Amino acid sequence: MSAEWPLYEVFVRGKRGLNHVHVGSLHAADDTMAVRNARDVYTRRNEGVSIWVVRADAITASSPDEKDPMFAPAGDKVYRHPTFYDVPADVPHL
Amino acid sequence: MTGDDAHWAFGTSFVDPLAGVDTTLPDGVDGGELAAYCLMLGDDALVASHRLAEWCSNAPDLEEDVALANIALDLLGQARLLLARAAAADPGAVPPLPAGSPVPGEDALAFFRDADDYRCVRLVEPENGDFGETVARLLCFATWRLALLARLVDSRDPVLAAIAAKGVKEVAYHRDHAARWVVTLARGTAESRRRVRAGLRAVWPHRAELARTHPVEARLARAGVAVDPADVVAEVDGVLAQVLRAADLDDLGPCAAGPVLDGPGGRDGRHTPDLAALLAEMQVVARAHPAGRW
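In the order they appear, the protein sequences are chains A and B.
Those letters in the first sequence? Residues 1 to 94, by this note's numbering.
Those letters in the second sequence? Residues 1 to 294, by this note's numbering.
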């Protein structure tokens, strides 16, 4: 039965977290059932205060085949990191 | 893993669920009566929990497997608190065990009472049947229990009131879960509709027992400690009718023959044979090791 149900990806925001984090996936017949299944499967040990679900087929993902052109060029460009500044001693919270 | 309790959110060992709670009896309340009432509500939860736990690894899909297990564990937690309250209110109600046995009162009540000492309603006793019957039974049970617990939060026994307040949040979810499934199955395929309707027909006659008031409930309700089940009938019927309407099942058709209701029922210790079979399995290990440490 569940083999016919669409796959959903589940994102949970923890008590101390500011953003929703991907925790896994599940099958459900519709969006509402997906939220409730997520509650039962992924927050039963008190992990979360908020749940997002999205159908897996609604996610557009980068392709593993494009890994090199997509990400490798960033690898040797250390100057893109904001670490080439002298931070004055009296600037807090950096 | 080390045995360090701090590593785990809830520790590695079970402690008295009422540790640190003042279990003094309210003025004018008989400990034996309060214990009897706690056993009624506790046994309902314990037996319902055990039946739902039987679905573990057998539910229609993994997600439902976990959902039913969660509900079972919620009810088991309520049973622990209620049986512990019963043991504290009336130590004489706890079955005697060999001297030096480390088995706490709540466990002695769960594992060392025979079926005729159980006080659960018969609704929770039968074998699960199919998934349609299980959600039908859960709908009936959770609707009734939620109505009871919602009133019990005003109990004059602060321990019972606190147990009820914890349970209300849990059982509200159970009711919702069951109601959604009843509607989903009823509006699904012809086969799912047939099954959930058959399930509802099987459990419907049990509502009569849920509406009955045991003398202990009547006395404690007058004392402001318990809830008289007769007071929640209208609310329960209203909620169930609403679910059936949503499921397009206003007319259930002929229901199963009801349990005999003019005589004693589950609250009096008169049960269906299914309960004895359930307890035999649930209790066999504990009884084989009455001095066991778990």
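Calculated from the structure, these hints are not laboratory results.
None of the values given here were measured: they were computed from a predicted structure.
Where hints are given, some of them may not hold.
Claimed, not checked - Straight-line Cα separation of at most 20 Å, EDC-like style, residue types lysine to aspartate or glutamate; simulated pairs:
id	chain 1	residue 1	chain 2	residue 2
1	B	K169	B	D154
2	B	K166	B	D22
3	B	K166	A	E47
4	B	K169	A	D65
5	B	K169	A	D40
6	B	K166	B	D16
7	B	K166	B	D154
8	B	K166	B	D176
9	B	K169	B	D248
10	B	K169	B	D268
11	B	K166	A	D40
12	A	K15	A	E47
Stated by the list, open to error - Simulated DEER-style distance windows between Cβ atoms:
id	chain 1	residue 1	chain 2	residue 2	range
13	A	A29	B	R156	56 to 64 Å
14	B	R212	A	A29	32 to 40 Å
15	B	R156	A	P6	48 to 56 Å
16	A	D76	B	K169	50 to 58 Å
17	A	H20	B	A280	57 to 65 Å
18	B	A246	A	H81	56 to 64 Å
19	B	R194	A	A29	16 to 24 Å
20	A	P73	B	A246	52 to 60 Å
21	A	D30	B	P254	27 to 35 Å
All C-beta atoms in this analysis are idealised placements derived from N, C-alpha and C, irrespective of residue type, glycine included.
Checking one constraint from the list: CA of B:K166 to CA of B:D154, max 20 Å. Satisfied?
Distance ~13 Å between B:K166 and B:D154 Cα, so the pair holds.
Is the Cα-Cα distance between B:K169 and A:D65 20 Å or less?
Roughly 48 Å separates the two Cα atoms, so the pair is violated.
Check whether the Cα positions of B:K166 and B:D22 lie no farther apart than 20 Å.
Holds: B:K166 and B:D22 sit about 17 Å apart, inside 20 Å.
Given hint B:D176 paired with B:K166 - CA-CA distance at most 20 Å
Measuring from Cα to Cα gives roughly 17 Å; hence the hint holds.
Assessment of proposed distance window 32 to 40 Å (beta carbons of B:R212, A:A29):
Given about 38 Å between the Cβ atoms, the range holds.
Holds or violated: are the alpha carbons of B:K169 and B:D154 at most 20 Å from each other?
Given that 20 Å is the threshold and the Cα spacing comes to 15 Å, the pair holds.
Run the distance test for B:K166 versus A:D40: straight-line Cα separation, threshold 20 Å.
Between B:K166 and A:D40 the Cα gap is close to 18 Å, so the pair holds against 20 Å.
Is the hinted range of 16 to 24 Å satisfied by the C-beta distance from B:R194 to A:A29?
Since B:R194 and A:A29 have Cβ atoms about 19 Å apart, the given range 16 to 24 Å holds.
Restraint check for B:K169 with B:D248, where alpha carbons must lie at most 20 Å apart:
violated, 28 Å
B:K166 and A:E47: Cα distance at most 20 Å?
Holds, at roughly 19 Å.
That 27 to 35 Å hint for A:D30 and B:P254 (C-beta), does it hold up?
Given about 33 Å between the Cβ atoms, the range holds.
Supplied distance hint 48 to 56 Å, evaluated on CB atoms of B:R156 and A:P6:
For B:R156 and A:P6 the Cβ distance comes to about 51 Å; the hint holds.
Of the numbered hints listed earlier, those contradicted by the structure are 4, 9, 10, 13, 17.
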